[in-house]
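J.: What follows is each chain in one-letter form.
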Amino acid sequence: MISNAAINSPVIKCVVWDIDNTLLDGTYLEDRQPRPDPELLAVLRELAGRGILHALASRNPAAAADYVREVTGLDFAAVECGWGSKAESVSRIAAELGLALDAIAFVDDDMAERAEVAAALPAVLVLTPEDAAEAADWPQFNPALITAEARRRGALYAERRRRHADAAAFGGSRDEFLRRAGTRLTIGLARPQDLPRLHELSVRTHQLNSAGEPVTEAELAAVLGSAGHLVATVTLTDNYGDDGLVGAAIMTRNGAGPWSVPLVVMSCRALGRGALDALLAWLCRSAAAAGASELLIPCLVTERNVPMRLALAAAGLRAEPGSVAPDGRAVFARSLAGRLPDLPDWATEQARP
Amino acid sequence: MTGEPVPEQIVAAELRMILAELTGRAELLTIPAETPLFGTGVGLDSLAGTLLLRQVQRRYGVDVAAEDLNLDSLQTLGTLAAFIAARC
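Going line by line, the protein sequences match chains L and X.
So the first sequence is numbered by this note's numbering: it starts at 1 and just counts up by one.
So the second sequence is numbered by this note's numbering: it starts at 354 and just counts up by one.
Hint data in this document are derived by calculation from the structure and do not stem from the laboratory.
Built from N, CA and C at the ideal position, the CB exists for glycine as well.
Watch out, some of these pointers could steer you wrong.
[Claimed, not checked] Simulated restraints, written as ranges between beta carbons of each label pair:
#, chain 1, residue 1, chain 2, residue 2, range
1, L, P10, X, A379, 34 to 44 Å
2, X, D425, L, L189, 28 to 38 Å
3, L, A221, X, A419, 31 to 41 Å
4, X, Q362, L, G171, 23 to 33 Å
5, X, Q408, L, A165, 15 to 25 Å
[Unchecked claim] Partner residues aside, some chain L positions facing chain X, computed with beta carbon under 10 Å:
#, residue
6, A169
7, S173
8, Q207
9, C268
10, R273
11, G274
12, D277
13, P307
14, R309
15, L310
16, S323
[To be verified] Some chain X residues flagged as far from chain L (calculated, every beta-carbon gap over 12 Å):
#, residue
17, P360
18, Q362
19, A366
20, E367
21, A379
22, A386
23, Y413
24, G431
25, A435
26, A439
27, R440
Please take these sequences and the hints and turn them into a complete structure.
T.: Here it is in structure tokens:
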């Protein structure tokens, strides 16, 4: 039975599956070649097609995960095979994928395991295999729109793992690695066909979202068509793979006065690759080139938004201490006279407004 | 003739280790306290910065982001060490 709290939970980005007697009909170590449960396999495929990731958490040797990959033919974005607690495994998976716990669902046939995870991680959506079999119909598993980026999400995470592994083994600085990896960032103006992806970004981003809330496609379309606004997009690619459109910002023109930025969003996949710093630098430089005096970026001040606040600080934007409004927002500002942040050498601008 | 190390210096030493581990760069073990954390000094970005603050919270129980609106304490290794030492 699902509680009301669960029904109102946000969109699930990753389902963590137990293996024995959940994904598989039988147990890996004891049964000979156990087959995947056909109903659940269909659900996995359906959800993957919607851009929802899958992960494995199992008390089994690592070979069990390889076996599951083989017999299901599916990509698993993260795997925790070991002998520790399921709650720890789920936490590690969330951290590895950069996801908040309320974006995770956990499926396990074992009541004790479900209870442990539910108690330790109340934000996680805990399901029985029977629940999971129906999950495809629930709102949490139905993103309103499935973009090309969403369909590629499983592959994108595989590319991300390879990039991380090479970055960890690389001896030089982060910037040197990004150059070596052939990182190419393009900042340009949004086009109408970018609308669905822009909306998806505003819905899915929590850590790197200055407004802290989604913007509807209609609102975005209005801003796109407005001469008083600028909508910038950031696309990111490197030798490991093409992440497509990863970030955006809306800027309000204001002649020679202060220009404000009602929204900055960036996919957390683009974290660590200079994309957010580049976008903020571009906003400063574009506004300055058009004669603006100051740049103002209202930002929700929460613990989830810390990566955004770090980028704002690094770009020289500051808020008045004690100025956080009742709605949790503060306005981070900087003058556009003097030295402005630089764009990294791997960033290209498509057009100056 | 040296005095007892003040907690701030111990915090700074521990921060160097955390930074070196986070970035995989051993040279950060010997950076001076005045080294800027953003920009060309240590070159922290949003990702590494978030992980650093998480480690600081775990290790010292100090929630820098909650107490420092503009993250001024992150200017240099020394300012961060001083901020933490004053609160733990």
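J.: Kindly indicate which numbered hints from before are broken by the structure, ordering the numbers from low to high.
T.: 21
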